[in-house]
Every structure is written in C-alpha cells, then in structure tokens.
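S.K.: Using this note's numbering, the first residue of the first sequence is number 5, and each one after it goes up by one.
The reader is advised that the hints may include incorrect statements.
As the list claims (entries may be wrong) - Straight-line Cα separation of at most 30 Å, DSS-like style, residue types lysine-lysine; simulated pairs:
| id | residue 1 | residue 2 |
| --- | --- | --- |
| 1 | Lys307 | Lys126 |
| 2 | Lys200 | Lys390 |
| 3 | Lys390 | Lys195 |
| 4 | Lys200 | Lys126 |
No lab work stands behind these hints: they were computed from the structure.
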Amino acid sequence: MASTYETLDRALRRAFDALAPGADPVLRLSEHADYQANGVMALAKSLGRAPREVAVEVVDLLELDGVASVTIAGPGFLNLTLAPELLDHQLRRLLDDARLGVASAPVPRRVVIDYSSPNVAKEMHVGHLRGTVIGDALARMNRFAGHHVIARNHVGDWGTPFGMLIAHLEDVGEDAAAAELSIGDLDGFYKAARAKFDADEAFQARARARVVALQGGDAETRRLWRVLVDQSVAYFSEVYAKLDVTMTSDDVRGESFYNDRLDDVVGDLRALGLLVDSDGAWCVFPPGFTNRDGEPLPLIVQKRDEGFGYAATDLAALRDRVTELRANEMIYVVGAPQSQHFEMVFAVARMAGWLPDEVRCEHVAFGNVLGPDRKMFKTRGGETIKLVTLLDEAVERAEVVLSERTHDLTPPQVRELATQIARASIKYADLSTERQRDYVFDLERMVSFEGDTGPYLQYAHARVRSIFRRLGEAWSPPEGPFALDTHQERELVKGLLAFPEAFASSLDARQPHRLCNYLFDLAQRFTSFYDACPVLSASGDLRAQRLALCALSANTIALGLSVLGIEAPAQM
RNA sequence: GCGGCUGUAGCUCAGCGGAUUAGAGCAUCGGUCUACGGAACCGAGGGUCGGGGGUUCGAAUCCCUCCAGCCGCACCA
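Construct the entire structure; sequences and hints are all you get.
M.R.: As structure tokens, then:
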C-alpha cells in the first residue's frame, strides 16, 4: 500500500504523462487544501497553452475516485482534498504499522558512512560534534530505510606528531600515560609532548627517531604507538556512549589501516598514466581545478620526501570501500573546508576508474559551531571546548529545570532524565540547522523547553503518552469511519500521513534538519489538536478516533526522534 | 585573483526542483481557559527576502553583477 503522497503523485503523473511524458506535478502539502499540485503552469508553458485550459484537461484525465477531490485555483493550481475513505484507510494502515508508512528498501544498498574521525591523543571538542551527530543520524536513517550501513571512523592515528607522542609516552611511563589518557586528559598529554618538542633538542631528536622507527615497523615503537591508539579509541567510545552515538570501536579504520595499500595507489595511478612529477612530488591534476595563479591544481599523492599525502590515504580508503566493502553509496561527513579536497579525490578516483558511476558518492559537508561572538567556539582563554564538558553542562542545566518542575522522581531518575534531555538538546540544535550553515552554540536556548528544541519535542511526546497512562485501559480504533470534523484533527492527520515523504526527502538530501522541521511542525499540530479536541472526556467512536490520533502522534514523534538518534522518554 | 559556503522579522532560523497573502521559534503586546501535564492554545505588531540588473504572465527561489562575512587554493592531516 502506497503512502498518501505516493498515491496522489502516481495519479497525477499518469495524467501529466498523457500530455507530456515525464512532467512533474510538483505535489506538496497545501494551506489552501490538503495537497496542491503546482506543475500545471510549467506544463502549460512547455505546451505553449493557457494554464487554466491545461488544468481542466489534467483534471479530466485524473483518476482519483475514493482518493481526493480536485479544484482548480488561481492561474492553474490543482487543490486536492483527500477523500474521507482514503483518510480512514491510511490511518488504519498506520495504526497497524510499526514503520508508520515508511517502506523498507526492497533492494538494500550498502552504504558506507565516514564520520566523527577524531585524532588519537587529541581531545574531542566541539569541532567533532557536528560530524559525529550528523553522521550518526544519517547512519540511523539509512538503517531504518532498510539499508546495510557500514560506519567508518577514519581516526587520525598516523603522521609525524606520533614521534613526539611516543617519546613523551616513554618519559612518563606507560602506566602513567594510560592513566592520564583513560581519564580523558588527551589534550594535556598532547600539550606536554608538544612543549618538550619545542623546548628540548634532545627530545626532538628522539621524536624524529621514533617517527622513523614507527614507519619502519620497529616492534617496540609500534607497541607504544598501539598503547596510544587503544587508549584514545577507548576514550572515544566513552564519549560516544555518553552522546548515545552508535559508532563503536569496531568501526575504527584509522589512517594507518591503509598504510600498506598506499604503494599500490601510487603504482596504479602511475600505470594508468595519471601521475605527474611536479617539483619532485607525484601528483594527479584533475581537470577543472586551479590554484591562486590560475595554474592547474595538483592532488598530491606522494610528497617530495616520498611520504604519502592524505590524498593517498583517502584514495586507498575509497578503493577499499568500493571493492572490499562493495559500497553502493558512500557518505563522507566531513567539515565544509575540505570540500575541494574531496571533489579532487572523487575526480581522481573517477579518472582512475575506481569509482564507478553507479556508486553514489558524496561529501556531506557541514558548517562550524560558533560561539556567542560569532567566531569559532572557544573558551575565553582561546582553548577549544571538550565535548564532554559541553554535555556535562547541559546535563546540569536540565537537572535544574527538572527539579523545578518535577515532583515524584528519585535523584537517579532525575539524573537519567536530565541526561536524555541534555543529549536531545545538543543533538537537536545541531541537526535542526541546515548542515552547511554555521550555527551559534547557545546552551540556554538548546535546553529550553519552549520553542523549536529537542526538549520541546520530548515533552510533546511525553504529554501524549500520559494520556494513555491516565486512560489506564486498552483501547481500539473507532468502529465506524474516521470523521475528521474539526480543522485541528484534519491538520494533525495531514501531518501524520506526511511522515514517509518527510523522512525520504530528509534522507535523500542527507539533510536531517528536514526531518527535524517536520517533527516540530507535527508537534505543533498535535498541541493545537489537543487543546481544541477533548480526548478522554469524549465518548464512543469520537474518543476512539482521538485516541488513535494521539497514539499515532506519539509514535511518529518517537520514531522520528529515534531515527535521528534522540531518545523520547515516556515521562518527564 | 580563482573557487566554495553564507547573507530572509529585533534575535535564532525554515522556505530557495519559480506560483494562490514570504513562514516558524524566541522576544514584545493582547486575549483564552474549572486546566485530559499552562513546559499550552488563539491572535497582533514587526520583513525593500544584502544592493542592482535580467529571464518569466509570475522570482526569496533561475541567470548576471556588485557588496559584506567565513572558508579553501601544492607536499599538515
């Protein structure tokens, strides 16, 4: 059974096709009716005919018996009003469907999502928030859509800084280092190493020697390096758990994972004749990229010193994902500043034939998190802010608000709820802003229960659930047909029926904020309904009908939040 | 200099596969209600959609140009 949108869209397309194959009806939710189709005007233009005339013709061709009635408005809009029997049918279907109308992909795709990617021995700070939260939402949405998701954490675990980190590890001793790292003081460790490196020549020499030893595969050096990586990954896992993010240590494929494939990348590019020696570095020049002097811009694969650039690693990873992981889709959730880099990597991969046309591959870029001064979010002292500090602060605020409002919760319950609210605050604030845009981090606004916030949605959900607690007995859908006589009921139902397309459009565009907008809109439709339409004091079929709308509202909000990675407590 | 992103109500943001009066939240102001959780609902004021041109019957949305901000532009990842 198709969703309401699909049912209408198909009928419209059939009629449009009869006049001009492939014409888009441009179907949307409407304020003037239930749905509206705006495509007639464009169609008329392409036919060189009067829009109203074409509209009449389309309406004649439309087969919408039992689905909707149509009127022509303005220059040629088709205003569609859903038929009572369709509404009834769709609502009953949703009541019976845990997926609330979202079809599971008939042919699951293998979707590789690259996200989070913190650096070993470096703190996770606000800069990692967006990539982690957005990536995880996209992972959950893809899973829910029925696809096979392979999450990849492209951790920064290689490079020259590891020389000094290992040398420092040697100095402080493994146990002390492990202790420091496991409590999450990664920055302290890094800074101490950095300070010694800058001040102490002997240390510098040891650090350099360690880099060489590490790259050369020296066993002891490798073991020490492992200690750093393992401790850091363990710490990242704690942060993910705290954030309720599904990424696990099994998803980690650090840069080092691809080390032994870099020679092949270079060799194969050379064999393909794509490699050019430029100032001693081995480069590929994909067409269409220029530098500041208007000259062709290289993707540096192998540096003059024979070390590999990160482009080589990215190419190796991409190849692995296509061949070994058999990806049908690849999503790189990485900050916007890297967009040119990824364009070039993808271009080179296509040139090399490593990225088939049928593999959808995209850089899902995101903007910065800004402080109140609209600059990169830092502490007053100019330090980056730890992710966990941010979370802890949000939990504290949520606890304060809860303790003011709540009555009969034990302290551990308050704590747990506050944690869920805090996560929702931060995640929703992040997800509800269009990805590419920078946004201002304002904890006060995020944890607020008023307005377009995570807690507001959680509250709206909890409020609906409370109706059923109060009801205290089983209920069943109305015997007779749904009679949506009030404006508020009808508006709510329109919202409920629109979940599948809101979800699909959000996923397809890799724009979680669309689903956020939908959920907030739905929550508002619900509260308007709830205010205007008594539920428990109604009786008979009317009560059954309204209970059904309540159940669907709660389920939709909970499911929508859940696929975004946000919890919906039943009570708060 | 080239390229990318951004510029919509006092503030924070949707809308940008063109279309029926440009939306929401916050803030402000005014209402509602013996209130199924008021952390609510209803309404009002508030916008030359950065400026200017163009295409179109119709542009916040498409094209050009200018302005402002952020970012990227060869061996750090």
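S.K.: Look at each hint and say if it fits the structure.
M.R.: A quick look at each hint next to the structure:
Only pairs whose Cα atoms come within 30 Å are accepted, and Lys307 paired with Lys126 is accepted, the gap being roughly 25 Å. The hinted pair formed by Lys200 and Lys390 meets the criterion: a straight-line CA distance of about 23 Å does not exceed 30 Å. Straight-line distance between C-alpha atoms of Lys390 and Lys195 comes to about 15 Å, which keeps the hinted pair within the 30 Å bound. For the hint pairing Lys200 with Lys126, the CA-to-CA distance comes to about 17 Å; that is within 30 Å, so the pair holds.
Of the numbered hints given earlier, the model fails none.
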